[in-house]
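Enquirer: Listed below are the residues making up each chain.
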Amino acid sequence: MDIELRNIHKRFGAIHANNDINVKFSHGRIVGILGENGAGKSTLMKILSGFQPADEGEILIDNDIIDYTGPTAAIANGIGMLQQDPLDVGAFTVLENFIYGGVEGITLKRAEAAARLKDLSRRFGFELDPFQPIDNLLIAQRQQLEIIRLLALGVETLILDEPTTGISADQKDILFDALRRLAHDEGLVVLLVSHKLEDVIDLCDEVVVLRNGVMVGEMDMPVSDDNLTSAVIAETKQQLVTMMFGEVLEAQQRPQYEIGAPVLITEELVVHDQRLDMQPITLTAQSGEVIGLAGLGGSGQELFMRACARLQRIDSGALSFDGQSSLKSSYRQLFRRGCVFGAAGRLEEGLIAGLTLTEHSALVSDDKLQIDWKSVEKQTASRIDRYRIKGRNSDTIEQLSGGNQQRVLIGLLPDDPKLLILEQPTRGLDVDSARWIWTQLLERCQRGAAIIFNSSDLEELVTYSDRIFVFYAGQNHEVPDVNQTTIDELGHMIGGDFNN
Amino acid sequence: MKSPRALAVQIGFLLLPIVISLAVAAALVIAVGRDPLEVVDALWKGAFKDSRKLGGVFNFWIPLTLVSIGLVVTFRAGLWNIGVEGQMMMGALFASWGAQYLPLGESLSPLLNLILIALSAVGGMFWAFVVGLLKIRLGVNEIFGGVALNALVNVISIYLISGPWQPRIGGSAQGTEPFPTPALLPEFSSRFPTNLFMIALVIAAFIIVLILLNATRWGLNLKAVGRNMRSALLLGVATERTSMSAFLVCGALAGIAGSYRVLFTFDNLRPLASGGIGFLGLLVVLLLSIRLLWVPLIAFAFSAILTGSTRLQIALKLDSSLAGVLQGMLVLFVILFHGVQEVFFPGTLADEEIEDPHPPAPSPTGREREVGTVELTKSDNSPLPRSGGGGLGVGA
Numbered sequence: 305m306d307i308e309l310r311n312i313h314k315r316f317g318a319i320h321a322n323n324d325i326n327v328k329f330s331h332g333r334i335v336g337i338l339g340e341n342g343a344g345k346s347t348l349m350k351i352l353s354g355f356q357p358a359d360e361g362e363i364l365i366d367n368d369i370i371d372y373t374g375p376t377a378a379i380a381n382g383i384g385m386l387q388q389d390p391l392d393v394g395a396f397t398v399l400e401n402f403i404y405g406g407v408e409g410i411t412l413k414r415a416e417a418a419a420r421l422k423d424l425s426r427r428f429g430f431e432l433d434p435f436q437p438i439d440n441l442l443i444a445q446r447q448q449l450e451i452i453r454l455l456a457l458g459v460e461t462l463i464l465d466e467p468t469t470g471i472s473a474d475q476k477d478i479l480f481d482a483l484r485r486l487a488h489d490e491g492l493v494v495l496l497v498s499h500k501l502e503d504v505i506d507l508c509d510e511v512v513v514l515r516n517g518v519m520v521g522e523m524d525m526p527v528s529d530d531n532l533t534s535a536v537i538a539e540t541k542q543q544l545v546t547m548m549f550g551e552v553l554e555a556q557q558r559p560q561y562e563i564g565a566p567v568l569i570t571e572e573l574v575v576h577d578q579r580l581d582m583q584p585i586t587l588t589a590q591s592g593e594v595i596g597l598a599g600l601g602g603s604g605q606e607l608f609m610r611a612c613a614r615l616q617r618i619d620s621g622a623l624s625f626d627g628q629s630s631l632k633s634s635y636r637q638l639f640r641r642g643c644v645f646g647a648a649g650r651l652e653e654g655l656i657a658g659l660t661l662t663e664h665s666a667l668v669s670d671d672k673l674q675i676d677w678k679s680v681e682k683q684t685a686s687r688i689d690r691y692r693i694k695g696r697n698s699d700t701i702e703q704l705s706g707g708n709q710q711r712v713l714i715g716l717l718p719d720d721p722k723l724l725i726l727e728q729p730t731r732g733l734d735v736d737s738a739r740w741i742w743t744q745l746l747e748r749c750q751r752g753a754a755i756i757f758n759s760s761d762l763e764e765l766v767t768y769s770d771r772i773f774v775f776y777a778g779q780n781h782e783v784p785d786v787n788q789t790t791i792d793e794l795g796h797m798i799g800g801d802f803n804n
Numbered sequence: 014m015k016s017p018r019a020l021a022v023q024i025g026f027l028l029l030p031i032v033i034s035l036a037v038a039a040a041l042v043i044a045v046g047r048d049p050l051e052v053v054d055a056l057w058k059g060a061f062k063d064s065r066k067l068g069g070v071f072n073f074w075i076p077l078t079l080v081s082i083g084l085v086v087t088f089r090a091g092l093w094n095i096g097v098e099g100q101m102m103m104g105a106l107f108a109s110w111g112a113q114y115l116p117l118g119e120s121l122s123p124l125l126n127l128i129l130i131a132l133s134a135v136g137g138m139f140w141a142f143v144v145g146l147l148k149i150r151l152g153v154n155e156i157f158g159g160v161a162l163n164a165l166v167n168v169i170s171i172y173l174i175s176g177p178w179q180p181r182i183g184g185s186a187q188g189t190e191p192f193p194t195p196a197l198l199p200e201f202s203s204r205f206p207t208n209l210f211m212i213a214l215v216i217a218a219f220i221i222v223l224i225l226l227n228a229t230r231w232g233l234n235l236k237a238v239g240r241n242m243r244s245a246l247l248l249g250v251a252t253e254r255t256s257m258s259a260f261l262v263c264g265a266l267a268g269i270a271g272s273y274r275v276l277f278t279f280d281n282l283r284p285l286a287s288g289g290i291g292f293l294g295l296l297v298v299l300l301l302s303i304r305l306l307w308v309p310l311i312a313f314a315f316s317a318i319l320t321g322s323t324r325l326q327i328a329l330k331l332d333s334s335l336a337g338v339l340q341g342m343l344v345l346f347v348i349l350f351h352g353v354q355e356v357f358f359p360g361t362l363a364d365e366e367i368e369d370p371h372p373p374a375p376s377p378t379g380r381e382r383e384v385g386t387v388e389l390t391k392s393d394n395s396p397l398p399r400s401g402g403g404g405l406g407v408g409a
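Chains as they are written, first to last, in our numbering: chain H, 305 to 804; chain A, 14 to 409.
It is worth saying that the hints were derived from the structure and are not from the lab.
In this text the structure is predicted, and so the values were computed from the model without any measurement.
Each hint should be verified, as a subset may be incorrect.
[Unchecked claim] Interface residues of chain H toward chain A, partial, derived using beta-carbon atoms under 7 Å:
#1 L442
#2 F639
#3 R641
#4 F645
#5 A666
#6 V668
#7 L673
#8 I741
Ideal Cβ placement from N, Cα and C applies to all residues, glycine included.
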């Protein structure tokens, strides 16, 4: 099938998220959709996949104007989207999830569906046990399931939103192979929304680039066979960045400063949850130091970080923060002494939906019973200015885009913390925003903060960490020489391959 | 600025549930062969015929407004303080103890009144503290804790009435002996039988809580904790202390409401002296989507209907619980229409700067908020279950 989008407009209040987008996607092609945060690429993909209607414009499938609303209707028209967080039901088994989107008739025909599931998984080299509960699956497997579920529903256009986040190098290879076969052998349209330019260059045949809601360019990618040398990759990357941002980004420099006294020390720290029993962890974070935790989601790094912030029960071992044992402290006690935890889910943990930016400022301003609203309004305005937040004092936090929410969250951090424990500080942000966030964080390091962070972006880990610990199924290993470690090596380590 | 259309939708959704519940009530009355206008007339006369009746309305209004103000505070903190009824009762018990054992004479009656009111506040706070402690330290959901403590305080009161505090002559489970006059709150006059000091106290409590909620850090902390406990914790709010303070404030106000029941309405301690007013307060607050500003007015309307309904029985031989039916339907329809408006007319909801449209639903496991030592589990802030409180048994 071929798809054409004509004169697509979409406005959210004052923001023109999609401004007269005209683009064609042809069968058998893998197309990357690029742009910085808020450029309008998610909006466009949501319009195409039926999650929201366009204000104006037409969608043509094989030269016919098609009008549909809702994802189900989009799937019926052959267009399916794989969300960043797969939309599956945790308590269901793989097979049940496979069935529930596409039931026709009353009976479920389990045996037939199971055979179909096996057949499809085998074709793409996916390993899916039909009877595993979804909760036990890795993100990569949930993605695989969602792909074959959409294929079974007859989808001919597959949209993927940041599919390589939180999966290992091997899993990425399997995914990319499958996508190549779908497009090049079976003639599907594959649309890839991603911030990871290496992935885009590796996988895509062509890209379209959006900036501020406008389509600013299209470009063919170098053929991804043998002639993909690192020089070609670097050059293509530079061209893409120029298109996305309208300027050439300088490589980010770490400021030089002294590493200071230990801030956080764990000795033989043991934690567990229902799914994971962790090996003891011994680690020291010094003032000014950035420690990166690598690992697939759920490998134990999140548990460890929460334990350090006293948000997770500690079974045994020692933990001290700023020279005092903090086994008996609460998070709030540590917080008052300069330890701040930043969670990955912004609106779930971190910001409070329904509260305005001013109210968020007031929450962290001081402890006095009387709130001096005038001065809080001023503080908020200067935060908005300093952190380049697109929003107003009186906006509630959920009215802001994800990237701006992240900026608010960083803006609310104290200026001189001793320790920042951050879950995925730049999740879902474009290169420019992510760099900007890191500039803010490194400034705090320079003033003496230690940072412990985790990320599913291996480049981020390699770029910013002084030391890296890799977590795999509850085990942890320190990467011996961070400066010599490549992203590829790290990608294998998070898959459990430490001897490489 | 709202568009005219949005304004029309908003007003429509304000009036429609009232009209519908009146219509259903009228249909009920017609079904039993009576004229709805007769009922309205009886209700009106029962509440406003003369200043004596009006005094009766205020005697409901005082405790009802107090508990409703308290419940706005707990709801703001995301807590379903079902235990409010028991907190009223515990306040009544503490006041009853003082009324019987503090030997202050007629001349010191105003002082004794103040002491008893303070005692009742302590009693209500004590019972609310237990709910809070169960919730915060042990993760027992405040609804379950509240229901259990409601039952417990009733058992205690019946034990006291039929045991240590039973009347010397003709002891039964009906109630204690009337308290000595100095302990009782005086009537303003027999023409207007209510207590002016308590009315002033209610108004003062209303103004103070209004200011605390909207202009202070405490109010902001409550809102933050109520909307997202985990985020509030990470932003540095003392979440446990904030939740507990909400319980304590509500408990104190409920306790004072309880004291009014025994020191004015009944003049002695009776089983179930709280009379379901705490539960009725939940309805008032749900009806208003936790807007404090309108609490005194709606509480007044509820009190008038309740007081008026006693006349239904006398004048029309209709069961006075018809008033309860009307109130229950009103709350149901208001909540129902709020939901309808939200789904079909988003963006037309009233400006909501001083309220939360949805108190978060209680989590049945109550596990979501053990912080400090226990893992934070992820749970959504799902909107409130769209039904009113449980069975109403509001009696005089």
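Enquirer: The structure should be examined with respect to each hint, and the outcome stated for every one.
Expert: How the hints compare with the structure:
no.	hint	result
1	L442	violated, 18 Å
2	F639	holds, 5 Å
3	R641	violated, 11 Å
4	F645	holds, 6 Å
5	A666	holds, 6 Å
6	V668	holds, 6 Å
7	L673	holds, 5 Å
8	I741	violated, 17 Å
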